[in-house]
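Participant: One letter stands for each residue in the lines below.
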Amino acid sequence: MSRTLSSRAVVVAAAATMAVVLTACGGTTKGSDTGPAAPGGSAAAADPDAPLQEGVKMAFLPKQLNNPYSDIEVGGGEAALKELKGEYKLVGPNDASASSQVSYINTLIQQQQDVIAVAANDPNAVCPSLNQARAAGIKVVSFDSDSAKECRDAFVNQATTEGIGQALVELAKEAAGGSGEIAILSATPNATNQNAWIEVVKSELAKPENSGLKLVKTAYGNDDDQKSFQETQGLLQSFPNLKAIVSPTTVGIAAAARYISSSNYQGKVAVTGLGTPNAMREYVKNGTAAKFALWNPADIGYLAAYAGVALKSGQITGQQGEKFTAGKLGEYTIGADGEIVLGPPTVFDASNIDQFDF
Amino acid sequence: MSALKAPPAAAWWSSVVRAREAGIVLALVALVAYTAVSNPRFLSGQSVRDILLGTSILAVLAVGQAVVVITRNIDLSVGSVLGLSAFTVGSVVQDNPGLPVVVALLAGVGIGVVCGTLNALLVRYGQVPALVVTLGTLYAFRGVTYLTAGGQQITADELPRAFLGFADASVLGVPWLVVIAVAVTVAVGVLLRNYRLGRELYAMGSSPEAAALVGIKVGRNTLVAFAISGAAAGLAGVLFAVRFGTIDAAAGTGYELNVVAAAVVGGVAVFGGSGTVWGAALGALLLTVIGSSLTVLDIDQFWQQAIVGALILLAIAIDRLVALRTARALRKGGPHVQ
Amino acid sequence: MSSDRLRRISWWDVAIIAITLVVLLVAAGAVDNFGSSRNFGFLVLDLLPIALIALPMTFVVITGEIDLSVASTLGLTSAVLGSLWNQGLPMETIVPLCVLLGAVLGAVNGLFVTVFKLPSLAVTIGTLALFRGLAFVVLGDSAVADFPAAFTSWVTGGVGGGPIPNALVLLVVLAAVAGLVLHATPVGRAVFATGANEQAARFSGIRVDKLKFWLFVSSGAVAGLAGVLWTLRYSSARADNGVGLELAVVAAVLLGGVSIFGGKGALPGVLAGVVLLATLQNALRLEDVTNESLNIVTGVLLIVSVLLPNLGRSLRATLRRRRLRAARHT
Numbered sequence: 001m002s003r004t005l006s007s008r009a010v011v012v013a014a015a016a017t018m019a020v021v022l023t024a025c026g027g028t029t030k031g032s033d034t035g036p037a038a039p040g041g042s043a044a045a046a047d048p049d050a051p052l053q054e055g056v057k058m059a060f061l062p063k064q065l066n067n068p069y070s071d072i073e074v075g076g077g078e079a080a081l082k083e084l085k086g087e088y089k090l091v092g093p094n095d096a097s098a099s100s101q102v103s104y105i106n107t108l109i110q111q112q113q114d115v116i117a118v119a120a121n122d123p124n125a126v127c128p129s130l131n132q133a134r135a136a137g138i139k140v141v142s143f144d145s146d147s148a149k150e151c152r153d154a155f156v157n158q159a160t161t162e163g164i165g166q167a168l169v170e171l172a173k174e175a176a177g178g179s180g181e182i183a184i185l186s187a188t189p190n191a192t193n194q195n196a197w198i199e200v201v202k203s204e205l206a207k208p209e210n211s212g213l214k215l216v217k218t219a220y221g222n223d224d225d226q227k228s229f230q231e232t233q234g235l236l237q238s239f240p241n242l243k244a245i246v247s248p249t250t251v252g253i254a255a256a257a258r259y260i261s262s263s264n265y266q267g268k269v270a271v272t273g274l275g276t277p278n279a280m281r282e283y284v285k286n287g288t289a290a291k292f293a294l295w296n297p298a299d300i301g302y303l304a305a306y307a308g309v310a311l312k313s314g315q316i317t318g319q320q321g322e323k324f325t326a327g328k329l330g331e332y333t334i335g336a337d338g339e340i341v342l343g344p345p346t347v348f349d350a351s352n353i354d355q356f357d358f
Numbered sequence: 001m002s003a004l005k006a007p008p009a010a011a012w013w014s015s016v017v018r019a020r021e022a023g024i025v026l027a028l029v030a031l032v033a034y035t036a037v038s039n040p041r042f043l044s045g046q047s048v049r050d051i052l053l054g055t056s057i058l059a060v061l062a063v064g065q066a067v068v069v070i071t072r073n074i075d076l077s078v079g080s081v082l083g084l085s086a087f088t089v090g091s092v093v094q095d096n097p098g099l100p101v102v103v104a105l106l107a108g109v110g111i112g113v114v115c116g117t118l119n120a121l122l123v124r125y126g127q128v129p130a131l132v133v134t135l136g137t138l139y140a141f142r143g144v145t146y147l148t149a150g151g152q153q154i155t156a157d158e159l160p161r162a163f164l165g166f167a168d169a170s171v172l173g174v175p176w177l178v179v180i181a182v183a184v185t186v187a188v189g190v191l192l193r194n195y196r197l198g199r200e201l202y203a204m205g206s207s208p209e210a211a212a213l214v215g216i217k218v219g220r221n222t223l224v225a226f227a228i229s230g231a232a233a234g235l236a237g238v239l240f241a242v243r244f245g246t247i248d249a250a251a252g253t254g255y256e257l258n259v260v261a262a263a264v265v266g267g268v269a270v271f272g273g274s275g276t277v278w279g280a281a282l283g284a285l286l287l288t289v290i291g292s293s294l295t296v297l298d299i300d301q302f303w304q305q306a307i308v309g310a311l312i313l314l315a316i317a318i319d320r321l322v323a324l325r326t327a328r329a330l331r332k333g334g335p336h337v338q
Numbered sequence: 001m002s003s004d005r006l007r008r009i010s011w012w013d014v015a016i017i018a019i020t021l022v023v024l025l026v027a028a029g030a031v032d033n034f035g036s037s038r039n040f041g042f043l044v045l046d047l048l049p050i051a052l053i054a055l056p057m058t059f060v061v062i063t064g065e066i067d068l069s070v071a072s073t074l075g076l077t078s079a080v081l082g083s084l085w086n087q088g089l090p091m092e093t094i095v096p097l098c099v100l101l102g103a104v105l106g107a108v109n110g111l112f113v114t115v116f117k118l119p120s121l122a123v124t125i126g127t128l129a130l131f132r133g134l135a136f137v138v139l140g141d142s143a144v145a146d147f148p149a150a151f152t153s154w155v156t157g158g159v160g161g162g163p164i165p166n167a168l169v170l171l172v173v174l175a176a177v178a179g180l181v182l183h184a185t186p187v188g189r190a191v192f193a194t195g196a197n198e199q200a201a202r203f204s205g206i207r208v209d210k211l212k213f214w215l216f217v218s219s220g221a222v223a224g225l226a227g228v229l230w231t232l233r234y235s236s237a238r239a240d241n242g243v244g245l246e247l248a249v250v251a252a253v254l255l256g257g258v259s260i261f262g263g264k265g266a267l268p269g270v271l272a273g274v275v276l277l278a279t280l281q282n283a284l285r286l287e288d289v290t291n292e293s294l295n296i297v298t299g300v301l302l303i304v305s306v307l308l309p310n311l312g313r314s315l316r317a318t319l320r321r322r323r324l325r326a327a328r329h330t
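Protein sequence lines, in the order shown, are assigned to chains X, E and B. Take 1 as the starting number for the first sequence in the working numbering and just add one per residue. Take 1 as the starting number for the second sequence in the working numbering and just add one per residue. Take 1 as the starting number for the third sequence in the working numbering and just add one per residue.
For reference, chain X alone in the conformation it holds in the complex:
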């Protein structure tokens, strides 16, 4: 008795589950829907003469806490908010996941912040929450790693995608001695920035003047020191003729340089890419990484803070062509799709590295 009932009841329960799920009918396939619409948002026109408001509550939500690079970025934001007499706040997950970022965005909405600055872990996953924030009157500035463009008011980009891609190819060419096999050690495979730069690198490599360089593999270290370390090992084993590793992420470049410094590949394989002077100083001096590039991360946070307060004050709305002044960095003009570009990256080598401390 009980046994027949038992399985039957489970089947019924499963069927009930299915029934609840199968609410809609018809056929919704990819492309038959254009995705979430952006909220009306900036209805008011920008007033370039509006004064910058004081006491703006601005929260920074980096990709994750405990990341030296993000620490420097948000540090710049804190400094700018001090100049602007705003309230600075820092929240963030420990695990660089998009779902934890969503929970934090929800919390910030509840806390009625004025501006949220976010470096998105997944451009789309944070989108619905950011739009809820904007619907609640909060201005959203993405920095460093953009969210989908319909979910934020402005995006502070460290440099143009083309600029970084070309700089990486130049660095790689020099590191490999003009020609030979190179490999890329990236962050996560769906990191927005890195993928855009890698695309530019690939199209640059297709040009005849770079024909001597051959990209053999793109490996992913997930911006995790240990994983990047192990991926470097794998690259060196798989490609005996490798001349250079290009890592367009600060975690990856430091891990690759450290592994090569401590192995017998030192002197045979060069490292270059994007890194912070403090983490790379040792490897520049021992020759593992003769040159690498980066913008000043603190300036990104600084610019994001000024952009956020300008948005809140109504000086700008995120439309192309609007201008605002970002403290010590000077005047910026908003480009297409609400993009604000910080400027060209700085190249570091043994001659200038000691002038920088970040």
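Everything labelled a hint here was simulated from the structure, so no lab data went into it. Treat the hints with caution; some may be incorrect.
[Stated by the list, open to error] Distance ranges between label pairs, derived from CB positions:
| hint | chain 1 | residue 1 | chain 2 | residue 2 | range |
| --- | --- | --- | --- | --- | --- |
| 1 | B | 316 | X | 135 | 39 to 45 angstroms |
| 2 | X | 137 | B | 261 | 48 to 54 angstroms |
| 3 | B | 204 | E | 117 | 39 to 45 angstroms |
| 4 | E | 160 | B | 86 | 35 to 41 angstroms |
| 5 | B | 154 | X | 45 | 32 to 38 angstroms |
| 6 | E | 117 | B | 162 | 24 to 30 angstroms |
[As the list claims (entries may be wrong)] Below, simulated DSBU-like cross-link-like pairs (lysine-lysine); rule was C-alpha separation at most 35 angstroms, straight line:
| hint | chain 1 | residue 1 | chain 2 | residue 2 |
| --- | --- | --- | --- | --- |
| 7 | X | 57 | X | 89 |
| 8 | E | 332 | B | 264 |
| 9 | X | 268 | X | 30 |
| 10 | X | 328 | X | 291 |
| 11 | B | 264 | B | 210 |
| 12 | X | 227 | X | 149 |
| 13 | X | 57 | X | 82 |
| 14 | B | 264 | E | 217 |
| 15 | X | 328 | X | 89 |
| 16 | X | 243 | X | 268 |
| 17 | B | 117 | E | 217 |
| 18 | B | 117 | E | 332 |
[To be verified] Short derived list, chain B residues pointing at chain E, Cβ under 8 angstroms:
| hint | residue |
| --- | --- |
| 19 | 34 |
| 20 | 140 |
| 21 | 142 |
Predicted model, so just to flag it, every value in this text is computed and none were measured. Cβ atoms here follow ideal geometry from the backbone N, Cα and C, with glycine treated the same way.
With chain X fixed as given, assemble chains E and B onto it according to the hints.
Facilitator: Okay, now just chains E and B, sitting in the frame of chain X:
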């Protein structure tokens, strides 16, 4: 005696059980041979060294885990203990660059013993199942690490040369990390095999009630088992710090799965009473070699986790099969088996 | 019969429900913005996957088994959902397929446990790695995001546009079904009997293996459903969705008074456990308490939830012995 008879089925099967480790060795040899044929650099000195260094940390953890699992318990907090130890020792070394490496290692062991003892006290005197306790301390120890770290990261350039140099240093060509891992395995292996305490741990795992009835000090032994696992995790934390040089509060997150996998693949039965630390250490080596050959064979890294999962299922299924056959053979053969 | 049912709802269930209510009230009173209807929506969405998976998990744990593979099932379903969507299948077909996939994954666990007689702890640690690995094999590290707004906004939206989230209705319906089955049907009695004494249950004619098999299947199916909801809520199908969620589910179930050894537990307690954890997280985050302290709170709560009843029991046993001795002396 002189008659040449086929060995009784039971003896044959129990020798298979004993040869459990041989199976892993076989799998290892096959894997290494296959990988080396397709890419000879897999056997280069640098590559072998990297594999051994990678194994040493996992092996130390797996050996500690084996001891706990043998007593029919489990320690899921090892990844968090590793993180706590790595970060604490890392910051102490950062502030005291002159500290000898031995002291750092001992400090790590000490932190681990404290954590392990806390686990054991809750298991034994709180009567809380080990799964629950160590799941709880998995969260709690990690939380403590995040609190003390407060978002900082210790990077390689902030650690003294002598400390990081330990990762590259070697005795007679064998890196120190590997020497330590082997020493830990041998010491615990001998303890389990040749000492009364070791045999008691197996007895507790086979039947906790019977063990208590024959007068085994179950409480004390539980304490020892968890202390060993904690000590191993603490030691592994220092080895982690030495090897990777960059430590944040997330060090070792998710390690517990690999550690349990290494022990189980190495033939340590999840429900206690059987398995050896040699097997656990070999399991750790196998998992590391798999990861490494996937990279070398240029197979998608994404397969690695799936393969580890399939291996766990395979290992427990084989162990179950062997146990069943042995039991059946024993019943049939009965007293004839010497 | 009814007293039997009452006995299963232990004082811990009452305590945990009371504690949860107190925490909710305190949070509503003392934490700014906690009580708003929008925050209520966030709270429901945050606890939804945990609460859903906790329903079958309660059954599984009461029979003395465990299913640690649920979060990986969620991840694999999410990855498959994204991949099928990319191949142009209609969402109306994908969703039931994904729930079915979850059920099949659960059946794999069930087979290993009931046919091969392997310990579920080991089996589901294995499938935890296997399913997550397969999720990465299916979708790699890419993400699929262009899901139809009709589906994503159903998950995040409210009933008729009101403040009651659609997801809550789904949860309440499923919880009611699960509660009825567990506490008012022969199936429920079989679950408790199996957990209390498997041998005795077999002798009394309960087909223990069949029961367990179907419990693992439903655990997988619900995890698959949770995978669909997770994906739609974040409009993002990724292989790493829900990593580590199994620990939160087990923590909530144990906190809800279910014995890890099986045979004891009740659904109201479990739901209270889920709500308690989610409320604490939400409220503490609003108060700017860091994630790390949340970890400590979760861990300590988990241990205390088992420790306290144990201590209470041994205290009562000691008192009773003392009373008996006193009675004998007089």
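Participant: Against each hint, give a clear statement of whether it holds in the structure.
Facilitator: For each hint, the structure was consulted:
1. The beta-carbon spacing between residue 316(B) and residue 135(X), approximately 55 angstroms, falls outside the hinted interval of 39 to 45 angstroms.
2. Taken as a hint, the range 48 to 54 angstroms holds for the pair residue 137(X) and residue 261(B), whose Cβ atoms sit roughly 53 angstroms apart.
3. Roughly 43 angstroms separates the CB atoms of residue 204(B) and residue 117(E), a value that falls within the hinted 39 to 45 angstroms.
4. At about 51 angstroms, the beta-carbon gap between residue 160(E) and residue 86(B) misses the expected band of 35 to 41 angstroms.
5. Checked against the hint of 32 to 38 angstroms, the C-beta distance between residue 154(B) and residue 45(X) comes to roughly 35 angstroms, which is consistent with it.
6. Restraint check, residue 117(E) to residue 162(B): a C-beta distance of roughly 54 angstroms breaks the suggested window 24 to 30 angstroms.
7. For a cut-off of 35 angstroms, the pair hint linking residue 57(X) to residue 89(X) stands: about 8 angstroms separates their Cα positions.
8. At roughly 39 angstroms between alpha-carbon atoms, residue 332(E) and residue 264(B) are farther apart than 35 angstroms, so this suggested pair is violated.
9. Straight-line distance between C-alpha atoms of residue 268(X) and residue 30(X) comes to about 49 angstroms, which puts the hinted pair past the 35 angstroms bound.
10. Only pairs whose Cα atoms come within 35 angstroms are accepted, and residue 328(X) paired with residue 291(X) is accepted, the gap being roughly 28 angstroms.
11. Taking the CA atoms of residue 264(B) and residue 210(B), the gap is near 20 angstroms; set against the 35 angstroms cutoff, the hint holds.
12. Our distance criterion of 35 angstroms between C-alpha atoms is met by residue 227(X) and residue 149(X), whose separation comes to about 31 angstroms.
13. Between residue 57(X) and residue 82(X), the direct Cα distance comes to roughly 11 angstroms. Compliance with the 35 angstroms bound is thereby established for this hinted pair.
14. With a C-alpha separation of about 29 angstroms, the suggested pair residue 264(B) and residue 217(E) falls inside the 35 angstroms cut-off, and the hint holds.
15. For the hint linking residue 328(X) to residue 89(X), the alpha-carbon distance of about 22 angstroms falls within 35 angstroms, and the restraint holds.
16. The hinted pair formed by residue 243(X) and residue 268(X) meets the criterion: a straight-line CA distance of about 7 angstroms does not exceed 35 angstroms.
17. Distance hint between residue 117(B) and residue 217(E) is fulfilled; the C-alpha atoms sit about 31 angstroms from each other, no more than 35 angstroms.
18. A distance of roughly 22 angstroms separates the Cα atoms of residue 117(B) and residue 332(E); the hinted pair therefore holds under the 35 angstroms criterion.
19. Taken as an interface hint, residue 34(B) does not check out: its beta carbon lies about 22 angstroms from the nearest beta carbon of chain E, beyond 8 angstroms.
20. For residue 140(B), the shortest C-beta to C-beta distance to chain E is roughly 6 angstroms, which falls under 8 angstroms, so the interface hint holds.
21. Given hint, residue 142(B) at the interface with chain E, is violated; its Cβ is 11 angstroms from that chain's nearest Cβ, farther than 8 angstroms.
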